[in-house]
Structures are given as structure tokens and as C-alpha cells.
Amino acid sequence: MAGLELLSDQGYRLDGRKATELRKVQARMGVFAQADGSAYLEQGNTKALAVVYGPHEMRGSRSRARHDRAVINCQYSMATFSTAERKRRPHGDRKSTEMSLHLKQTFEAAVMTQLYPRSQIDIYVKILQSDGGNYSVCVNAATLAVIDAGIPMRDYVCACTVGFVDETPLADLCYAEESGGVSSLALALLAPWRTDRSAADGRQAPSGPLRGSDRSCHDSL
Amino acid sequence: MSPMKLCVPGDKLCSVEDCIPGTGVYLRHGYIYSSLAGYVLKKNEGEELPVISVVRETEAQLLPDVGAIVTCKVTSINPRFAKVHILYVGSTPLKDRFRGTIRKEDVRATEKDKVETYKSFRPGDIVLAKVISLGDVQSNYLLTTAENELGVVVAHSESGAQMVPISWCEMQCPQTHVKEFRKVARVQPEYLQA
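Each protein sequence line maps, in turn, to chains A and B.
For the first sequence, counting from 1, position 59 maps to 59 in the UniProt record's numbering; every step adds exactly one.
For the second sequence, counting from 1, position 134 maps to 134 in the UniProt record's numbering; every step adds exactly one.
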């Protein structure tokens, strides 16, 4: 029953998009002068701000320093005003910690950390308005911020959330679709149209087109 | 020079047979890819192949590397070592200060055991040093001044005036004419600005 509302017979979604149409993307780099790199990205109504500091000397416990590469520190948080109801705990909750870890793994694969031994790169992402696809928008914003900081990367990381309704994949889900019981997959890839997918980070092992909806994984929101 | 081309990370620039990789690029499967967003620069260095590199308007953060000459400021001294803040790598200022250590035995090349750090450096001195190690878990960057061209370049006397070097181990205050001990650097003539 949910499928009927999310995808009409003519092939239009709740916000009037077609099934494979992405939301409007607007981005700006170099938003902050004091940070080494920063970027602001909007995908539809989801807005994210990413800030990068580094590479700089290891702060805090020096024992975490790697002798041959840089350590990447990520923090994901949502503004208290980003959701429909005021968010009680913007960071430190399980969801934010999990997202931070995913971001860290993604960027450790993409950034050429072996050029900066014994140093640290900090990536902070804040969601200013959440309307679905939080993780994807974060990854995209963080990529732009890392590029703005001049930190060498193998390639830029692109991410998108895809959902499955009635055997039809829907690209770039909004909040109403994500919470409408659609099985979804958030995928971050190193520019697959150019290189082989040497680093992929998804909730499921990705390869080529999506499998059937019985292999659903809920983007926990 | 041909007009500069823009590129983003991951752009395939050329094959490794056409160019030698420089800065801001990386090698993969026999091709040179860009790792920064900037302009592609091809320079003919006189060897057979041109060097290809990607440059940005703002220089990316540089890290002190082993063997690099750094300019640092002494923050504290100790009978065994002196702690410094590294300010410049070569002639590039660092945005963030890195911490370094000059051990007693690395202050000069001769008579290492007779060195007194109090007579070599004082807090606030600007020192030219060379990086000998990136350090391990416990320590910061390890630096050395055990060469003629390394050591104190700018120092202030106890009365506050900037001192003039008179030998490799002494500096004199121009106001009070008091001599103080420092491990002085013999700055090359081409680096002195008249």
C-alpha cells in the first residue's frame, strides 16, 4: 500500500520527481576563512556544512598517532533545529557515532594519508536541515571540504541514497520516502565511472544494480 | 607556456611514459592522476621527460620532513633538551605550530657531552634547525643544530634588545654590551638582506 503513494502510476514521486531523478544540488566551497577547508551543500531540502582542519600535529593522545599515515577524525552531528521536532541530543548518540565511523572509514580510503605521517586531519559535518539522505549529503559535503583544504585525494567520493519500491529503484530519497517504509541503501563510491570501485562503503556490499527488495537494509532514521 | 588546464582529484592527466609525476599527482596502473583540485603545470626540467604537477593558488599545508631546514622558536629549556615550536618549513610559514625537541647531544657537533643548554638557547630565541626524525609515540619532532649554518639567528638579551652575534658561541647586546652565550648560526651571505 505504501508503494502506491510513493510512486504514482505515471511514475511521479511525492515531490513530483521521476524515479531516477535527483534533487537539486547547490554547493559552495570556502565558506569559512578560518578553517583549512569548508563546504556547504544542499540536496533538495537537506543542508549540510562540512569543515576540515589539517593536516596538523596530533592533538590529545599522541599514542594514537600512526607512524606512516595521518589519522582522520570525523564528527557528524545534527543541529537541534534540523528535524521537525527539536533534537534533544545533537551528538554523542548512537546514530551520530555510527555515522562518524562510516565517514571516517570512507575518507581513510579516499584521502592519501600516507603523505602526512604522524599528523591528524579533522572533518566535522553538521546537518543544518534534515530531509532524507543525511549520510549521502554529508559525504558529498565533506569531499568538497577536503578538496577545498587542498588535501590530496585519490578521487572524489560521491554518495547517494537509493530506495526500492515495487521493483523500481528510487534515487535520492527524501524524508517522507525514507520513513514511509521503503527499504533503502546509502552508497558512497570513488567516482565509479572512471576507476574501478576500489573503495566502497555502504550498508550492504554494493556491485552493479540493486538486488531485489528482500535484501533491504534500513537506513536507520 | 601553454594555457593552464583545470583539474579535480581523480582526473587522468597522462601516461607515465609521457611525464614524470611531480607534486599533487599520484601514479596508478601506469597513468598519472591528479590528487588536488587546481591547475596542471608541465615543466621541462632539462631531463628527457617534463615534470607534471598540480598547483593551487593557496599552498597546501606542509609538514616538516626529515632533512628539512626549519625555523623554530624556543619555548622552554631543560638541562637535557630544549623544546621548540616549529614556525616555518624552509620559507613556507606553517598555519599550525608543530612541537619539536632539540636534545642536548644534538646542539653541536663537537664536545657533545660538555654542552649546557642554558648557554646554547634561551626561551624566545629564533633557531634554525634540521629535522632528524619525525619522532615516535612519546616524542615530538627531533631537531638538530649540529652544523655551522644551524643555531640561533635572532635572540634578545636580558635587557630586551636584539643581540648581535660575535662568534659561534657568543652574542652581544648593543645597549649594555653584555655578552651572552648562544649556539650561533653562521647565516650564508645570500640569505642576508642588506
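Think of the hints as simulated: they come from the structure by calculation, not from any bench.
Be a bit skeptical, because a hint or two may be false.
Stated by the list, open to error - Short derived list, chain A residues pointing at chain B, Cβ under 7 Å:
no. : residue
1   : His56
2   : Gly60
3   : Ser63
4   : Ala109
5   : Met112
6   : Pro117
7   : Arg118
8   : Asp155
9   : Tyr156
Source: prediction; values computed, not measured.
Cβ coordinates follow ideal geometry from the N, Cα and C atoms, glycine included.
Now for the hints, and whether the structure bears them out:
The criterion of a C-beta within 7 Å of any C-beta in chain B is met by A/His56, whose closest approach is roughly 4 Å, and the hint holds. Look at A/Gly60: its Cβ only gets to about 13 Å from chain B, farther than 7 Å, so that hint breaks. The beta carbon of A/Ser63 is positioned within 7 Å of a beta carbon in chain B (closest approach about 5 Å), and the interface hint is therefore held. With 7 Å as the threshold, the beta carbon of A/Ala109 stays out of range of chain B, its nearest partner Cβ sitting at about 13 Å, so the hint is violated.
Hint status for A/Met112 relative to chain B: holds, with the closest Cβ pair at about 6 Å, below 7 Å. Because the smallest distance between the Cβ of A/Pro117 and any Cβ of chain B comes to about 6 Å, under 7 Å, the interface hint for this residue holds. Annotation: interface hint on A/Arg118 holds; nearest CB of chain B at approximately 5 Å, less than 7 Å. Given hint, A/Asp155 at the interface with chain B, holds; its Cβ is 3 Å from that chain's nearest Cβ, closer than 7 Å.
With a cut of 7 Å, the hint placing A/Tyr156 at the interface with chain B holds, because the nearest CB-to-CB distance is about 5 Å.
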